[in-house]
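J.: Chains as they are written, first to last, in the UniProt record's numbering: chain A, 1 to 538; chain B, 1 to 538.
Hint data in this document are derived by calculation from the structure and do not stem from the laboratory. Here the structure is a predicted model, which means the values were calculated and not measured. Cβ atoms here follow ideal geometry from the backbone N, Cα and C, with glycine treated the same way. Please note that the accuracy of each hint is not assured.
Claimed, not checked - Each pair of labels, with its calculated beta carbon distance range:
hint	chain 1	residue 1	chain 2	residue 2	range
1	B	480	A	509	38 to 46 angstroms
2	B	68	A	504	31 to 39 angstroms
3	A	430	B	287	44 to 52 angstroms
As the list claims (entries may be wrong) - Covered by chain A, per the in silico footprint, the following chain B stretches (three or more residues, Cβ under 8 angstroms):
hint	segment
4	35-45
5	478-492
Protein chains: 2
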Amino acid sequence: MTEPQHRTPEPMWHAWGTAEDAEPLPEHLRALLTDALGVPRRDTPPVPRERVRVRESALAEEAASALAEIVGTRHLHTDEHARLLHTGGKSTPDLLRRRAGEADEAPDAVVRPGTHEEVERVLRTCARERITVVAFGGGTSVVGGVNPDRSTSPVVVALDLARLDRLLDLDTESGTATLQAGLRGPEAERLLRERGFTLGHFPQSFEYATIGGFAATRSSGQASAGYGRFDDMVLDLRVATPRGTLQPGRAPASAAGPDLRQLFLGSEGAFGVVTEVTVRIHPVPEETRHEAWSFPDFATGAAALRTLARTGALPTVARLSDETETGLNLATAEVGEHAPSGGCLAVTTYEGTAEHVEARHAEASALLRAAGGTPLGPEAALSWDRGRFHAPYLRDALLDVNAFAETLETATTWSNLDRTYRAVLNALTDSLSRQGTSPLVMCHVSHVYPTGASLYFTVACARTEDPLAQWRQAKRAACEAIVSVGATITHHHAVGSDHRDWMHEEVGELGLDVLRAVKSVVDPEGVLNPGKLIPPRR
Amino acid sequence: MTEPQHRTPEPMWHAWGTAEDAEPLPEHLRALLTDALGVPRRDTPPVPRERVRVRESALAEEAASALAEIVGTRHLHTDEHARLLHTGGKSTPDLLRRRAGEADEAPDAVVRPGTHEEVERVLRTCARERITVVAFGGGTSVVGGVNPDRSTSPVVVALDLARLDRLLDLDTESGTATLQAGLRGPEAERLLRERGFTLGHFPQSFEYATIGGFAATRSSGQASAGYGRFDDMVLDLRVATPRGTLQPGRAPASAAGPDLRQLFLGSEGAFGVVTEVTVRIHPVPEETRHEAWSFPDFATGAAALRTLARTGALPTVARLSDETETGLNLATAEVGEHAPSGGCLAVTTYEGTAEHVEARHAEASALLRAAGGTPLGPEAALSWDRGRFHAPYLRDALLDVNAFAETLETATTWSNLDRTYRAVLNALTDSLSRQGTSPLVMCHVSHVYPTGASLYFTVACARTEDPLAQWRQAKRAACEAIVSVGATITHHHAVGSDHRDWMHEEVGELGLDVLRAVKSVVDPEGVLNPGKLIPPRR
Numbered sequence: 001m002t003e004p005q006h007r008t009p010e011p012m013w014h015a016w017g018t019a020e021d022a023e024p025l026p027e028h029l030r031a032l033l034t035d036a037l038g039v040p041r042r043d044t045p046p047v048p049r050e051r052v053r054v055r056e057s058a059l060a061e062e063a064a065s066a067l068a069e070i071v072g073t074r075h076l077h078t079d080e081h082a083r084l085l086h087t088g089g090k091s092t093p094d095l096l097r098r099r100a101g102e103a104d105e106a107p108d109a110v111v112r113p114g115t116h117e118e119v120e121r122v123l124r125t126c127a128r129e130r131i132t133v134v135a136f137g138g139g140t141s142v143v144g145g146v147n148p149d150r151s152t153s154p155v156v157v158a159l160d161l162a163r164l165d166r167l168l169d170l171d172t173e174s175g176t177a178t179l180q181a182g183l184r185g186p187e188a189e190r191l192l193r194e195r196g197f198t199l200g201h202f203p204q205s206f207e208y209a210t211i212g213g214f215a216a217t218r219s220s221g222q223a224s225a226g227y228g229r230f231d232d233m234v235l236d237l238r239v240a241t242p243r244g245t246l247q248p249g250r251a252p253a254s255a256a257g258p259d260l261r262q263l264f265l266g267s268e269g270a271f272g273v274v275t276e277v278t279v280r281i282h283p284v285p286e287e288t289r290h291e292a293w294s295f296p297d298f299a300t301g302a303a304a305l306r307t308l309a310r311t312g313a314l315p316t317v318a319r320l321s322d323e324t325e326t327g328l329n330l331a332t333a334e335v336g337e338h339a340p341s342g343g344c345l346a347v348t349t350y351e352g353t354a355e356h357v358e359a360r361h362a363e364a365s366a367l368l369r370a371a372g373g374t375p376l377g378p379e380a381a382l383s384w385d386r387g388r389f390h391a392p393y394l395r396d397a398l399l400d401v402n403a404f405a406e407t408l409e410t411a412t413t414w415s416n417l418d419r420t421y422r423a424v425l426n427a428l429t430d431s432l433s434r435q436g437t438s439p440l441v442m443c444h445v446s447h448v449y450p451t452g453a454s455l456y457f458t459v460a461c462a463r464t465e466d467p468l469a470q471w472r473q474a475k476r477a478a479c480e481a482i483v484s485v486g487a488t489i490t491h492h493h494a495v496g497s498d499h500r501d502w503m504h505e506e507v508g509e510l511g512l513d514v515l516r517a518v519k520s521v522v523d524p525e526g527v528l529n530p531g532k533l534i535p536p537r538r
Numbered sequence: 001m002t003e004p005q006h007r008t009p010e011p012m013w014h015a016w017g018t019a020e021d022a023e024p025l026p027e028h029l030r031a032l033l034t035d036a037l038g039v040p041r042r043d044t045p046p047v048p049r050e051r052v053r054v055r056e057s058a059l060a061e062e063a064a065s066a067l068a069e070i071v072g073t074r075h076l077h078t079d080e081h082a083r084l085l086h087t088g089g090k091s092t093p094d095l096l097r098r099r100a101g102e103a104d105e106a107p108d109a110v111v112r113p114g115t116h117e118e119v120e121r122v123l124r125t126c127a128r129e130r131i132t133v134v135a136f137g138g139g140t141s142v143v144g145g146v147n148p149d150r151s152t153s154p155v156v157v158a159l160d161l162a163r164l165d166r167l168l169d170l171d172t173e174s175g176t177a178t179l180q181a182g183l184r185g186p187e188a189e190r191l192l193r194e195r196g197f198t199l200g201h202f203p204q205s206f207e208y209a210t211i212g213g214f215a216a217t218r219s220s221g222q223a224s225a226g227y228g229r230f231d232d233m234v235l236d237l238r239v240a241t242p243r244g245t246l247q248p249g250r251a252p253a254s255a256a257g258p259d260l261r262q263l264f265l266g267s268e269g270a271f272g273v274v275t276e277v278t279v280r281i282h283p284v285p286e287e288t289r290h291e292a293w294s295f296p297d298f299a300t301g302a303a304a305l306r307t308l309a310r311t312g313a314l315p316t317v318a319r320l321s322d323e324t325e326t327g328l329n330l331a332t333a334e335v336g337e338h339a340p341s342g343g344c345l346a347v348t349t350y351e352g353t354a355e356h357v358e359a360r361h362a363e364a365s366a367l368l369r370a371a372g373g374t375p376l377g378p379e380a381a382l383s384w385d386r387g388r389f390h391a392p393y394l395r396d397a398l399l400d401v402n403a404f405a406e407t408l409e410t411a412t413t414w415s416n417l418d419r420t421y422r423a424v425l426n427a428l429t430d431s432l433s434r435q436g437t438s439p440l441v442m443c444h445v446s447h448v449y450p451t452g453a454s455l456y457f458t459v460a461c462a463r464t465e466d467p468l469a470q471w472r473q474a475k476r477a478a479c480e481a482i483v484s485v486g487a488t489i490t491h492h493h494a495v496g497s498d499h500r501d502w503m504h505e506e507v508g509e510l511g512l513d514v515l516r517a518v519k520s521v522v523d524p525e526g527v528l529n530p531g532k533l534i535p536p537r538r
């Protein structure tokens, strides 16, 4: 099914990583789970693949022929293996269901178009045949963003963009590149680096996630302080819909009416399928400088990052762990042995020309010091850098040994940050403690803006008998806390099905009507990723 | 009619400035018009106000009562004076028509609501009565953005936002302020500066234009290199529509679906009326440093600005005149006697803390020097700074002495900048020369991005017998040139009625259908600023 020359190795259907990535949890962490969180010591391996039953494909022969005629027979897949691998995203509930052998969600077919025009033809055909289409890039959604939904049609195809894997254009003078949507992070970087450039977009999902997915979900990478969010980087995008193609970008900036780019960025496959994105790129940095800092507490560290952002002196990476995460760093692979055990750890990275790194480091260091920071040298920052894509693999290992682990995130203004932090922390702690599974909740600031910042929470705890219900309750408590303090329901994980109920609070009923009206224009038959993004009318 | 304690002095209905601002064109410039452009020496004063006839208001008594009941009798105006002052914007064609005594466009009434709720009630009433509503801020549109259009209804009211003139909230920790839409630039700045902050938004229309207008048109100020475009500054906005209120901003950044802020920014009164905007603000700079530079030619200067933008080392203001504009600076008030006569002049300004100004100046100066620039000291930059709102007043004086003068602008990527520059320059020159009025066309880069820049053209020439037809032809040639090279039809002047025909090229027919669908949700009766932004179906 796969075309290996194009692809990052294939992950397991029930895990973040590949079979080769699977590593048992280190013994000292396993002991910590038992001692600190009361996780009963038990192995909880996934149901073996051979015992997983996939129901028969509901794709009718006629529709299959029509699709095969567009993409070619060898790019239409109805075998179990292909369908299982497109069953949905990689939230902890997703993985728990799959580890239990549940495969009912699996799509009825996987179709792999090779060109924008083929994508458009597939969408027209599916609209005609009333077949649900789930655009599928890296499959790394943690909010149910690519899970098949059969509420509007009994037939679902996953539209896998893996064959759209080319760098179409590179404009060195303007510093822009046009990339096809199916390129995964490492492949896009490799193509750009061969020409001396980088995209500078490194979300934790980098190894699997795709250019199209970055656009469809308003992704934000770990170096967003320097390179911006993905939605900031986009000059143009090409979107295939059942009604035709949209390509709304004409210039770096324009006053030619509403910015339709920002209407399709974040549209999560519900308004069309992004097939190409023209993005800002950067020369591969001449120099990279890492420096860790220690702050006496989270609030002091946050105020220091605020000063950097407001002064216009942000490093390329600026990240601050709370006291709990800083303490835990000692025990995890994320920062490792170089982390300080007290206070709060901040990680900074500076990239650019030698002169720029020197100038920015001098300005930022003076501000951080004045704001109460103590420089720790490069080691802890380098450790973080080495381990920065590791956390989801660690989750696989945790799920193997009876623990529960999940993340969630939000963003708000600086003046509301502490209130939001406490509200979410308390909501998660209270909800899980009331269920008899007192959690460990840690948090970091990973994306910093002049007017506010993101907060990223990681939760670990023992499981109840029904871990899906357990988390549903805790997640709902966290979402209610986020909304009640006026923060956003998601900073970079997107809406999917999991945050859909909170979209009323984000944009109001009239805002939802606007989204519904846009959808009805580009997708009148309602075949594009139903059940995501836009909640039903109240 | 006006509430003078709130307002910048009232401009004349047929001019940019007030009666007090009117100054005759300096004799040396008048001589230049005759010598260089063949402008016949003749005074062309406007038709005196007392000879201008305004037709009777078509607002029915019942509708007038309903509106008066909402806003209070004293805030509903049907007198000639109020109506004339809301006849439309300030493009040169607008002014030429008014100078000739044409007042047919004048709205039937001016209504001045005092609260968001009153705005919403006015919109509901107008929707019910099928009365066209033109939201009116500073009235500075130069693209026909606020000109009454009677194609869908014989009755038009101007909804003047002048009474929405308060600073509603200032969050010093987050660096944000919530401003009402009717605040003009200087009033907003005064309110913020009293608290130690600045918005940093200084378009040439600053003295008259309003917060709501900045939002509705995606305005960009002269200090955009440092403070960003207005659409970059917006965290939230409150929009009244006939269907209710929208308020889509929840955080500095979010992945909660499409960014609806960017759908209402640039909606030009066609999707609703912006009544409040929450924007990023900045501490009043500790220090401001001005420095002029000279470059051997426009392309070298542009490449230097490109380097600054790509390195992340932009000053607060970065502006570059082409050879013609640099030469003319000698003769105009814009830069004055300190301008160099050869090459191309660049103006830079650095603002911020003393340390930030020092650091940024050091980094940028080294880059500018390496890119072929010669520093000229502060004088020419200070001259530009002093005269930076002056050009539209100079146009009033030019129109008084038989000359034609107008501006237009675009933006594109760096690699397309020279091609765009030449295409527009040639189109304007050819079109006007073919009409027997060889023009002077000058240009500057006023807004700089990592991936591209804006180009702002100023045209002066003699008039034909029908200067409106003369400019229509030249403007069309320029727009065709812009579109043919793939640049955007407008970087910061917006669409209005003048650029509406080119929106097909910007977003395509499907993009226009998306805009139409949004409009049909928020304005089902089609009463909001018809004839602007969205062209009729082809």
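J.: Sort out which numbered hints this structure fails and list those numbers smallest first.
T.: 4
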